[in-house]
Amino acid sequence: MAKKILMKGNEAIAEAAVKAGCRYFFGYPITPQNELPAYLSWRLPEVGGVFLQAESEVAASNMVYGAAGAGARVMTSSSSPGISLKAEGISYIAGAELPAVIVNMMRGGPGLGGIQPAQSDYFQATKGMAHGDFRLFVLAPSSVQEAVDLTIDAFELADKYRNPVLLLADGMIGQMMEPVSFERSIDPDDLPDKPWATDGAEGREKNIINSLSLDPAELEKHNQKLKEKYDQMEKEEVRYETYYLDDADIVIVAYGTSARISLSAMELAREEGYKVGLIRPITLFPFPKEIIAKTSEKIDDFLTVEMSTGQMVEDVELAVCANNSSVHFYGRTGGMIPTPEEILAEIKKIGGGK
Amino acid sequence: MLADIKKVVIDREKCKGCKLCTTVCPVSILTISEEINSHGYHPSEVTDQSDCISCGQCYRICPDVAITIYKED
Amino acid sequence: MQVVAKKPDSLTDKDFHYCPGCTHGIIHRLVAEVMDELDIREKTIGIAPVGCSVLAYEYFDCDMQEASHGRAPAVATGVKRVHPDKVVFTYQGDGDLASIGTAEIVHAANRGENITTIFVNNAIYGMTGGQMAPTTLLGQKTTTSPAGRKKDIAGSPIKISEMLAVLDGAAYIERVSVHDVKHIIKAKKAIKKAFKMQLEGKGFTMIEVLSTCPTNWGIEPVEALKWLEENMIPIYKPQVLKEAGEGE
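Chains as they are written, first to last, in the working numbering: chain V, 29 to 382; chain F, 1308 to 1380; chain E, 27 to 274.
Keep in mind that a hint or two might mislead.
To be verified - With a straight-line Cα cutoff of 27 Å, these simulated DSSO-like cross-link-like pairs (lysine-lysine) come out:
1) E:Lys-228 / F:Lys-1378
2) F:Lys-1326 / E:Lys-219
3) F:Lys-1326 / E:Lys-185
4) E:Lys-219 / V:Lys-234
5) V:Lys-234 / E:Lys-185
6) F:Lys-1314 / E:Lys-222
7) E:Lys-212 / E:Lys-228
8) E:Lys-222 / E:Lys-185
Just so you know, these hints were derived from the structure itself, not from any lab.
Assemble the whole structure, with the sequences as input and the hints as a guide.
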């Protein structure tokens, strides 16, 4: 067991990227994720890697495209408004089927919004993010340790599917300190071969990294191929955690920071005799709809808790619709964070007397 | 036999008939064909190979890399 | 019989899709000839732009990446940082480089990114159908400046080479033209020098090549060469704008 050390979420994710064998980072400053690039600005050169502060998020995401196409394990990070700008490069990365890891430490929006934690980018993260028919693989940690583990997984998944993977957290996860350990360490010289990469056509046919396809029949074929990858993710990669589903009357669905707070609310409620369970999606795409659908066979009331005005709740509603369960929603937004007591009060409203 | 030697070879399928080569030939042996190629262009053609001095001017200005230049050993 | 001049090996056999007389093809050939002569085809990665030369990745017979509009220098940066020992070039038009991609080209140059940019300036957007470019001449008619570009509305033609030349990271900037054989030979020399300087690790190099667009200028190819000479050359003077000396 590796030694536990106290680290800020942003720095822990940065170190996890290094442990994952990532040696290239291209970013642009934005709050609340600045500790992540700052850490890598000294850490990557230390291990022979490259840290580059780009002229903009747009440029950064296109540098990631170039480096990923050149065969590198590469990452960028940002926060909500910056992710909107990175969306251009991310669409090309998805279209050209390149592996890359993107971190979004969400803050309140829309527009410039605020700098406090929020979960306002769920739609953006899970519904394609940018132009074109594509999906990101989306991982949502709810602790610093989980952020570390999922960061390493993110690189592996990106290579496995040749698809961009988004680590979706919020300013809370990025800024808080927790004890973490780094159990895994991947040697950058030991990464999977990328025979498709543009590293100079020495003794082989040329490679092309591209997302242009002017023939509609060809492009449809390409889009169908992407869809098959997404279907495979839905079949094989869904991750979630459940609590007390066996005896629950009400089930909370929440991810990331909202899930942490909802867990406290769940315990408070159970102390008062409310039989509350919880489903915590860890992958937001692929979304754990099957467990929610199955749970809805015997549960009439779901409560979705988010730091938004209601985004994931739509996926929960879709998952339960066959069984006509009620989906309730409680959200705080703009950087306001729900308290366990507020969530408990919602549970009480749903649960009536008890 | 000498008359069969081709010093400037124009790929008539690659040629788009832009005429740029006809303006640079120092011995004025390039002209536009009355025939059309499969793309519908009137390609450039050589009127007299024996006059060609293999200078390569036409090759240099051709935007479609449609010209190959040879010279006698 | 021996071959004096033929298609360079660094070009594929694919026919160019360019309009008749468009000088993109000449510039492609010059870049490919330089790759052949420096024997770098198997260690070169090219970045294609968005615009008429979007399909450049089909024509150069080396590894290629297709970038989004204006971002080729950022993509090239990503590639070069991963493979500093390889040769990386971008091939960009004036809409791509001088309008939407100004941030990327300025900062790649300023970082002294050890890449080579071939900047093809024909004073108009070609692929989208002849709109005004930032390089369009004053008074030049385009589909979006039907009465001619007016300074008080759209500003003056942007001189990218002059702009970049003042940056410390720019090692070599030259503007050339391909409107006649003499200038084509000069253009090739400049391109070769830029690639050589990259091989020597000198930093950012860019060759601006004045080019024609017969279709969107609405004139015959032969006339277009003349139009370039008479109208573009006075505004965009072919010259070396920057050459970092020894020891710099």
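Tell me if the straight-line CA distance from Lys-222 (chain E) to Lys-185 (chain E) falls inside 27 Å. Given pair Lys-222 (chain E), Lys-185 (chain E) holds - Cα atoms ~25 Å apart, limit 27 Å.
Restraint check for Lys-1326 (chain F) with Lys-219 (chain E), where alpha carbons must lie at most 27 Å apart: 30 Å, violated
Does the structure keep Lys-1326 (chain F) and Lys-185 (chain E) at a Cα separation of 27 Å or less? Roughly 31 Å between the alpha carbons, so the hint for Lys-1326 (chain F) and Lys-185 (chain E) is violated.
Given the proposed pairing of Lys-1314 (chain F) with Lys-222 (chain E), does the C-alpha separation stay at or below 27 Å? Roughly 32 Å separates the two Cα atoms, so the pair is violated.
If you draw a straight line from the CA of Lys-234 (chain V) to the CA of Lys-185 (chain E), is it 27 Å or shorter? Roughly 35 Å between the alpha carbons, so the hint for Lys-234 (chain V) and Lys-185 (chain E) is violated.
Would the pair Lys-212 (chain E) and Lys-228 (chain E) pass a check requiring their Cα atoms to be no farther apart than 27 Å? 21 Å, holds
Satisfaction of hint between Lys-1378 (chain F) and Lys-228 (chain E), Cα-Cα up to 27 Å: Distance ~39 Å between Lys-228 (chain E) and Lys-1378 (chain F) Cα, so the pair is violated.
Holds or violated: Lys-219 (chain E) and Lys-234 (chain V), Cα atoms, limit 27 Å. 25 Å, holds
When the structure is compared with the earlier hints, violations turn up for hints 1, 2, 3, 5 and 6 and for no others.
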